[in-house]
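> Line order of the protein sequences matches chains A and B.
Sequential numbering from 33 applies to the first sequence in my numbering.
Sequential numbering from 60 applies to the second sequence in my numbering.
Calculated from the structure, these hints are not laboratory results.
We put the beta carbon where it would ideally sit given N, CA and C, even for glycine.
Some hints could be false.
Computed footprint of chain B on chain A, listed as stretches where at least three residues anywhere in the stretch have a Cβ under 8 Å from a Cβ of chain B [as the list claims (entries may be wrong)]:
| hint | stretch |
| --- | --- |
| 1 | 113-124 |
| 2 | 151-159 |
| 3 | 165-174 |
| 4 | 180-194 |
| 5 | 246-257 |
Partial pick of chain B residues on the chain A-facing surface, computed with a CB cut under 8 Å [as the list claims (entries may be wrong)]:
| hint | residue |
| --- | --- |
| 6 | ALA127 |
| 7 | TYR128 |
| 8 | GLU205 |
| 9 | ASP229 |
| 10 | CYS279 |
| 11 | GLY336 |
| 12 | SER345 |
| 13 | LEU379 |
| 14 | LYS407 |
| 15 | ALA448 |
| 16 | GLU455 |
| 17 | ALA459 |
Below are the chains, spelled out letter by letter.
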Amino acid sequence: MRIVVCMKAVPSTTEVRMDPVTHTIVRDGRQAVVNPFDASGLEVALEIRERLGGHVSALSMGIPDTVRLLRDAISRGADDGLLLSDRAFAGADTLATSYALSRAIARGGMPDLVVCGKMAVDGDTAQIGPELAGALGMSCVTDVREIEHVDEGHITARRRRDGALELVEAALPCVITVAKDAATPRMPSIAGVRRGEAGTVEVLDAEAAGCDPARCGLDGSPTQVVRSFVPERSATAERVEGTSAEQAERIEQIVEGMAL
Amino acid sequence: MSGLSVNADKCVGCGICVRTCASEGIEVAGRKAHVTDSCISCGMCVDACPVGALSIEKDAGAGADLSAYHDLWVFCEVDDGALAPVALELMAKGRELADARGCRLMGVMGQADATDADANAQALLSSGADGVIRCVDGRLRTNDAELFARWVCDLAETRRPETILYGATDFGRELAPQVAVRLGTGLTADCTVLEMDVEQGLLQQTRPAFGGNLMATIVCPTHRPQMATVRPGVFQANPDAAEKTAACGGATDVSPHGAVEDVALEAGLEPSLRVLGREDATGGDSITSADVLVVVGRGIGSKKNLPLMRELAELLGGRLGCTRPLVEAGWCDYSCQVGQTGVSVAPKLLVSVGVSGAIQHLAGIGGAERVIAVNEDPAAPIFGVADHAVVGDAVEVVGALVERLRARV
Ligand SMILES: Cc1cc2nc3c(=O)[nH]c(=O)nc-3n(C[C@H](O)[C@H](O)[C@H](O)COP(=O)(O)OP(=O)(O)OC[C@H]3O[C@@H](n4cnc5c(N)ncnc54)[C@H](O)[C@@H]3O)c2cc1C
């Protein structure tokens with residue numbers, strides 16, 4: 033069983049604050065970490081390999097420093113890592129990202145299974161998994177909570193869908209996107225850390241990955257941000273003053289007045 | 060080449076961009092900012108630059124022949140024969156956009172059984188659709204995203220809609236990207252505002268920006284159809300739109316009103332997944348339909364204060380929702396999360412307790428009729444959307460309130 037796990041580096045904190053004086057973005061914790069959903073994805077892949085044998089590759093598109101996260105994936109058990117890194121990939125929207133990833137995945141023959149996190153905590157579009165499936169011509173199961181069964185030809189998984197849990201079966205090759213409860217990521221062992229340090233992480237630019245530059249990065253992105261802004265807020269709120277007891281009394285009045 | 064560029068005349072070398080950048084993509088040397096090889100064109104520095112010296116330039120790419128595309132489509136999800144409420148919400152918004160653009164509004168609907176198919180089509184027409192493209196076929200029973208994507212792509216390739224909107228249900232969030240990748244076009248997830256730029260027909264798609272306390276407006280300038288998903292509850296349905304237009308003698312010259320066209324699903328297509336079983340995941344009804352909601356955030360301090368908050372919700376005859384950090388901490392179930400990544404809510408009364416009011420959270424409470432917010436920080440953004448601002452300690456205020464309400468029952 034050949035499995036590719038897509039992993040994204042995200043800022044270690046998603047808390048981005050506006051400086052109230054300068055109205056600029058204040059960001060702290062700039063050290064990137066692996067998107068937590070992708071960490072669960074890796075664990076799902078490792079568990080499948082433990083049962084069926086095979087090969088698990090960790091794949092990312094990012095800045096050169098992302099090699100660190102792929103080494104970490106190897107230390108947890110991935111067999112190898114592949115990083116797409118090139119300025120040509122910069123500014124990619126989900127279409128350009130899924131294009132580049134799909135080229136890297138298809139390189140060296142189609143894997144049996146592609147595992148993604150159900151979304152990235154910094155972008156939260158949840159589009160990459162289904163777009164990858166479309167690009168690779170694979171079937172797709174999103175928001176997987178539990179893998180019930182995998183064999184050489186099929187995967188059976190429990191997925192969440194609009195308030196229900198559905199047990200579905202897909203033919204391989206297939207793309208799945210996983211929620212955090214699909215698996216709890218293991219910690220690297222000491223031997224694993226050494227393996228991570230020595231392991232191979234191949235770094236490819238757009239050309240080496242066989243990508244058409246016109247379909248990568250900003251140029252390959254149909255969507256474009258034209259404006260970002262701090263939304264206007266009305267300051268018309270009634271101020272409820274006084275001690276906690278007085279405030280509580282006023283809230284009670286408001287609720288009463290609404291005749292719910 | 061496309062990418063980040065620095066206007067050296069405007070740049071004052073302040074270095075705010077360097078501190079904002081998460082990828083070491085920009086540095087200051089000789090009192091000017093310079094883009095490095097690590098830049099990923101994310102645009103964070105563009106937003107942060109106080110003098111507007113940074114911009115992301117894009118070479119005008121060759122795209123589709125835009126004039127060949129017409130009409131606005133709303134993909135209308137049907138679950139077990141019933142039209143998803145978000146379809147009607149999108150119809151109402153779609154009507155506004157189509158009127159602004161002067162184009163037709165079409166509902167695209169696929170379902171398994173003929174039962175209710177007419178009623179569903181009628182509901183779409185009553186909500187303002189100029190026409191409905193409908194497919195009734197047993198293979199559509201399980202809402203298989205890939206099968207639907209192939210069907211919608213076939214339709215879109217021959218009929219060339221200018222815009223397609225989808226409800227961001229789990230199914231819609233699976234379907235829309237599969238259509239986008241096959242048509243090679245753009246898709247913006249979870250929009251909270253949609254506006255039509257009348258001249259160019261560019262859909263202005265606004266959503267919380269990636270990772271910031273900012274909103275971003277996104278367009279798809281050179282590819283068609285332009286596509287967006289919208290969470291349920293963000294827009295309001297208008298079930299008798301058609302009657303209203305008729306009553307005031309509105310325009311009827313755009314199309315033969317009320318046409319329902321049945322189309323066939325291609326013979327060879329089959330669902331990609333087999334659904335073996337299905338069970339309800341959320342115990343009881345969800346917070347999306349509650350009239351009263353108490354929404355709690357990190358400001359409630361600790362998990363041991365949750366029962367007090369729940370009691371408040373019960374005393375008010377409502378339910379309890381929360382912010383994302385509480386779900387991440389394992390205090391509350393994900394089904395309670397309110398916001399961009401959770402659910403959108405539209406209660407009559409929302410009592411927000413210890414919630415800062417981050418943009419991703421506010422994206423989910425726009426439908427609340429009245430908001431009472433309790434927060435100890437008078438500058439908390441939540442007060443910007445509140446009707447009643449209670450500056451105080453979450454536990455003290457709610458404790459006092461619960462005592463009063465208890466005394467009444
Ligand atoms: C892609 C993405 C998607 C996201 N989606 C969502 C989403 O769907 N829903 C969501 O909620 N968040 C979402 N977030 C997270 C969001 O950005 C905020 O981090 C989150 O909403 C903050 O939650 P909070 O208000 O509980 O916590 P905080 O921001 O920490 O705010 C706590 C508040 O409590 C107040 N407080 C502290 N002590 C007290 C006290 N004793 N009494 C009264 N008040 C007190 C503080 O003044 C503060 O305002 C998302 C983030 C990203 C990046």
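> Would you pick out the hints that fail for this structure and give their numbers low to high?
Those not satisfied are hints 6, 7, 13.
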